[in-house]
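Peer 1: Sequence:
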Amino acid sequence: MPYCPKCGYQVSVEDNYCSRCGARLKEVQLLTPEQKAVMDVVLKRIEAIKNRDPKTIEELVDKTLYTKFDDWPPFIRLEGENALNEEAKALKVLVKYEYEVSGWRIDVLGDVAVASFYIAYRGRIRRLDFDIKSRVSIVLLKRDGVWKIVHEHFSRMAEKERRLFFM
-14 MPYCPKCGYQ VSVEDNYCSR CGARLKEVQL LTPEQKAVMD VVLKRIEAIK NRDPKTIEEL
46 VDKTLYTKFD DWPPFIRLEG ENALNEEAKA LKVLVKYEYE VSGWRIDVLG DVAVASFYIA
106 YRGRIRRLDF DIKSRVSIVL LKRDGVWKIV HEHFSRMAEK ERRLFFM
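Going by our numbering, the first residue of the sequence shown is number -14, and it counts up by one from there.
Keep in mind the hints are simulated off the structure, nothing from the lab.
Be aware that one or more of the hints could be misleading.
Unchecked claim - Across the chosen pairs, the derived CB separations fall in these ranges:
(1) R112 <-> D92: 34 to 44 Å
(2) L113 <-> Q14: 23 to 33 Å
(3) N70 <-> S4: 39 to 49 Å
(4) D47 <-> S4: 29 to 39 Å
(5) R128 <-> D38: 32 to 42 Å
(6) D25 <-> L94: 16 to 26 Å
(7) R128 <-> V78: 29 to 39 Å
(8) G65 <-> D0: 34 to 44 Å
(9) E85 <-> V124: 32 to 42 Å
(10) R111 <-> N1: 45 to 55 Å
(11) T49 <-> L94: 15 to 25 Å
(12) T49 <-> E83: 31 to 41 Å
(13) N1 <-> E66: 45 to 55 Å
(14) F54 <-> L94: 18 to 28 Å
Said to hold, decoys possible - Each computed PhoX-like pair below joins lysine-lysine, with the alpha-carbon atoms no more than 25 Å apart:
(15) K(-9) <-> K127
(16) K48 <-> K133
(17) K21 <-> K11
(18) K29 <-> K40
(19) K29 <-> K133
(20) K(-9) <-> K48
(21) K35 <-> K48
(22) K29 <-> K127
(23) K81 <-> K(-9)
(24) K48 <-> K29
(25) K40 <-> K133
(26) K74 <-> K(-9)
(27) K81 <-> K11
(28) K21 <-> K(-9)
(29) K21 <-> K74
(30) K35 <-> K21
(31) K74 <-> K48
(32) K11 <-> K48
(33) K127 <-> K48
(34) K81 <-> K40
(35) K133 <-> K(-9)
(36) K74 <-> K35
(37) K74 <-> K29
(38) K48 <-> K21
(39) K21 <-> K40
(40) K40 <-> K11
Glycine residues also receive a C-beta, built at the ideal position from the N, C-alpha and C atoms.
I would like the entire structure built from these sequences, with the hints used as guidance.
Peer 2: Structure (structure tokens):
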């Protein structure tokens, strides 16, 4: 069975609209089970931020290969345990986090997958309110039948670009 490209809900090829999120399904490419598995890993990762859960994030990444460019300081490439430790510190001071993802594209190339999408997230860290829109690319590697994140790249959108994608 295929899946809705917006919310990941299982749909029928005959459906015109997703019964969960209302997305129009005709004339869009539905997700394969493999693409859905990749989407699930990515969404679990984002939910782990929302739930301030560094353990889940650790389980979803390949610690030996993991690299990350973030849209939040520090704006340098972080790697492996250091990247996970920096994120765990940020999660300790995260007070509130809400997000919305859109514009999914998931390419599965054998045991490698690339997921790209837009994310709008807002919340509060320490006493600072934030409202950020970013482009995201995530590379995953499949080992022993399990998808693991090996690279993430979050890139903030300029105000002019934000209006194009998040109106």
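Peer 1: Give a verdict on every hint.
Peer 2: Hint-by-hint comparison with the structure:
{"no.": "1", "hint": "R112 <-> D92: 34 to 44 Å", "verdict": "40 Å, holds"}
{"no.": "2", "hint": "L113 <-> Q14: 23 to 33 Å", "verdict": "39 Å, violated"}
{"no.": "3", "hint": "N70 <-> S4: 39 to 49 Å", "verdict": "42 Å, holds"}
{"no.": "4", "hint": "D47 <-> S4: 29 to 39 Å", "verdict": "35 Å, holds"}
{"no.": "5", "hint": "R128 <-> D38: 32 to 42 Å", "verdict": "22 Å, violated"}
{"no.": "6", "hint": "D25 <-> L94: 16 to 26 Å", "verdict": "18 Å, holds"}
{"no.": "7", "hint": "R128 <-> V78: 29 to 39 Å", "verdict": "33 Å, holds"}
{"no.": "8", "hint": "G65 <-> D0: 34 to 44 Å", "verdict": "43 Å, holds"}
{"no.": "9", "hint": "E85 <-> V124: 32 to 42 Å", "verdict": "22 Å, violated"}
{"no.": "10", "hint": "R111 <-> N1: 45 to 55 Å", "verdict": "46 Å, holds"}
{"no.": "11", "hint": "T49 <-> L94: 15 to 25 Å", "verdict": "21 Å, holds"}
{"no.": "12", "hint": "T49 <-> E83: 31 to 41 Å", "verdict": "32 Å, holds"}
{"no.": "13", "hint": "N1 <-> E66: 45 to 55 Å", "verdict": "48 Å, holds"}
{"no.": "14", "hint": "F54 <-> L94: 18 to 28 Å", "verdict": "21 Å, holds"}
{"no.": "15", "hint": "K(-9) <-> K127", "verdict": "23 Å, holds"}
{"no.": "16", "hint": "K48 <-> K133", "verdict": "9 Å, holds"}
{"no.": "17", "hint": "K21 <-> K11", "verdict": "18 Å, holds"}
{"no.": "18", "hint": "K29 <-> K40", "verdict": "12 Å, holds"}
{"no.": "19", "hint": "K29 <-> K133", "verdict": "11 Å, holds"}
{"no.": "20", "hint": "K(-9) <-> K48", "verdict": "29 Å, violated"}
{"no.": "21", "hint": "K35 <-> K48", "verdict": "21 Å, holds"}
{"no.": "22", "hint": "K29 <-> K127", "verdict": "16 Å, holds"}
{"no.": "23", "hint": "K81 <-> K(-9)", "verdict": "24 Å, holds"}
{"no.": "24", "hint": "K48 <-> K29", "verdict": "17 Å, holds"}
{"no.": "25", "hint": "K40 <-> K133", "verdict": "14 Å, holds"}
{"no.": "26", "hint": "K74 <-> K(-9)", "verdict": "31 Å, violated"}
{"no.": "27", "hint": "K81 <-> K11", "verdict": "36 Å, violated"}
{"no.": "28", "hint": "K21 <-> K(-9)", "verdict": "11 Å, holds"}
{"no.": "29", "hint": "K21 <-> K74", "verdict": "30 Å, violated"}
{"no.": "30", "hint": "K35 <-> K21", "verdict": "21 Å, holds"}
{"no.": "31", "hint": "K74 <-> K48", "verdict": "17 Å, holds"}
{"no.": "32", "hint": "K11 <-> K48", "verdict": "39 Å, violated"}
{"no.": "33", "hint": "K127 <-> K48", "verdict": "14 Å, holds"}
{"no.": "34", "hint": "K81 <-> K40", "verdict": "18 Å, holds"}
{"no.": "35", "hint": "K133 <-> K(-9)", "verdict": "21 Å, holds"}
{"no.": "36", "hint": "K74 <-> K35", "verdict": "14 Å, holds"}
{"no.": "37", "hint": "K74 <-> K29", "verdict": "19 Å, holds"}
{"no.": "38", "hint": "K48 <-> K21", "verdict": "23 Å, holds"}
{"no.": "39", "hint": "K21 <-> K40", "verdict": "22 Å, holds"}
{"no.": "40", "hint": "K40 <-> K11", "verdict": "39 Å, violated"}
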